[in-house]
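Kindly produce the complete structure, drawing on both the sequences and the hints.
If you want the building blocks of each chain, they are given just below.
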Amino acid sequence: MKFVVAVKQVPDTVLIKVDENGSLIRVGVPSILDPYSEYAVERAVALKEEGDSVIAVSMGPEQAGSALFRCLEIGADEAYLLSDPAFAGADVHATSRTLKAFVEKYVSDAALILCGKQAADGDTAQVPAELAEMLDRDQFCYAVDIERDAGSFIIRQDYGDEIRTCRAPEGSVVSVQEGDVNRPLPSIQRFIDVSSVEIKKLGRLDLGLGTFSVGLKGSRTKIVSSRAVRTERSGRVTDGTDPRAAASFIKGVL
Amino acid sequence: MGCETCSGGSCSVDGKGKGLPPGMLEQYKLNSNRSDGYLVWIEVERSGESARVSDVSKEILSKVRSMNNGSRVWGVIFGHSELKPLYKEIHSYGVETLYEVHDRNLTEFHPEEYAVALAQIIVRTEPATVLMGATPRGRELAPRVAAKLDAGLTADCTELSVEDRVLSMTRPAFGGNVLATIQCTSFPQMATVRPGTFPIAEPAEGANGTVIYWQTGGCWLKDIVSSERVRREEEDISRARILVSLGAGVSKDSIPVAESVARKLGGMVSCSRKLVEKGWFPPSRQVGQSGRSVAPDVYLAFGISGSVQHLAGISAAKRIISVNRDPEARIGEVADEIIVGDADAVLRELDKIL
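Protein sequences appear in the order of chains D and F.
Quick note: the first sequence uses the working numbering, first residue 1, plus one each step.
Quick note: the second sequence uses the working numbering, first residue 255, plus one each step.
Just so you know, the hints here were simulated from the structure itself, not pulled from any lab data.
Zero decoy hints are in this set.
Incomplete in silico selection of chain F near chain D, CB under 10 Å: (1) R393; (2) S481; (3) S544.
Below 20 Å or equal to it, Euclidean Cα-Cα: the simulated DMTMM-like pairs (lysine to aspartate or glutamate) are: (4) K251/D - D551/F; (5) K251/D - D590/F; (6) K402/F - E104/D; (7) K201/D - E104/D; (8) K251/D - D605/F; (9) K48/D - D77/D; (10) K222/D - E413/F; (11) K518/F - D507/F; (12) K222/D - D418/F; (13) K200/D - E104/D; (14) K518/F - D551/F; (15) K2/D - D77/D; (16) K222/D - D404/F; (17) K402/F - D136/D; (18) K217/D - D404/F; (19) K402/F - E366/F; (20) K532/F - E178/D; (21) K222/D - E417/F; (22) K251/D - E513/F; (23) K251/D - E591/F; (24) K606/F - D242/D; (25) K528/F - E178/D; (26) K48/D - E147/D; (27) K48/D - D109/D; (28) K528/F - D507/F; (29) K528/F - E582/F.
Calculated from the model, a selection of chain F residues having no Cβ within reach of chain D, i.e. all distances over 10 Å: (30) L274; (31) K338; (32) Q469.
Note that CB positions come from ideal geometry on N, CA and C, so glycine has one too.
So, in structure tokens, the structure goes:
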């Protein structure tokens, strides 16, 4: 069986700056593998049995390769980086379409397609469901547990007010929420092995996509303006060494 | 005298109209989009004894009513006979035509089949705007529908405005540091709306409307092995107007003090993820990306340092007051008032003087 995990690289900071187009300035900002993506990879690795493989895929700039190396360290066997100047500025629609093209062309026999529940930066949580619809597959969001069960999967989902257990057919798209995964920590040997694994790079033409299907041109939404929130906050600092004075100050500003 | 282009003389054209058959126009604008109005997925809460309309749906309908300028409002609801008592209420919040996808199987949430039905109804009614609550189910369903319709979708909006049918959707992004205003490039424009963002307006008493039963005929149902309703104890922190929130910088003794302060202020107590991990609070009280996004008028943070995920959850708070010993704590980046001091002591004093 093949398990595909779609992962995202996110900036590791709250101090994010945007340029005049409202796009994120990534230069000079440290990046990490998104925490939910990490859970998804861990899930996939936990499901793996003899002869199975876990394939990590990420759409992003060249630097996103480091996030894919992290996936390999956790236990992914292969990694694909979907990178092309034309992919820049993609919204949910264009991103899902690109991932769909990848799944159909390279891993159409995937037993499960896993994603993180959401990403820490965009926080839209929309790609899994759009991808599922585009692939015409079942979707299982907010999964907290996945088990193999004779050719299908038993997935537990947490909707907040309902815990639901479903039988999922092969080929389903799953978005993973956190949950306990018993995963052995990667060995030193693993880190050494991983460093020699080549990350396969695919561009727009490899995926057979037209220029109007991807990136900014393939998007269905546009950012018309964006403003930093912090400037609105007054951010007044008050000395609170005297708790009584501080308490009456709070009462005063409530 | 006819136009002589046809021999039978059956056409009634007198030659003046340059051969246009009756009833036809000189020009047709077939490429202009006629989409207009609002369509709202009305989420039904079934965790209680009887089904009820969720608050977020009422909030959305209230917002639609305040920005609507004479356009139509449709509602879509899924379920069976248990929905009948809800019709009056739904109409009173401004839904003129309510489509009920009438199927006993659909009292349970089946995103694939729900999306099929919603897409059919959207194609039929041609709304300019489709809105849903940014609840776990709404955020699962909306992208499925958007992908079917090739529509643009904005998640978790905290502000909406409309001008000449074009919807501007504002949402916090990048951990709440940035408020981005987004527009869709085509119709229908889709958005999910963060619960607790808009006030619920007074319902219009005695409002009437139409209910249309809709059947999809499809049967893309999930194989649900078991489903367990988890009773949400007490109220939901995402609806509190005032939150007294505790973080790792407070001691366990402060919990009853915080409860007391919250009671006196008419608010609730919430916490950061660390305290849930310690087992001091249930996960339902956790604020942040992996917990709940909140939008109170005042967010009182005691001993909260402010992780990225936590800050994302409070970005919609109107005012943030932080008490923390560390003046460099990240929460200072978003707080209106930063009080540098001992959170436990300030909390105790605050309890005394309130």
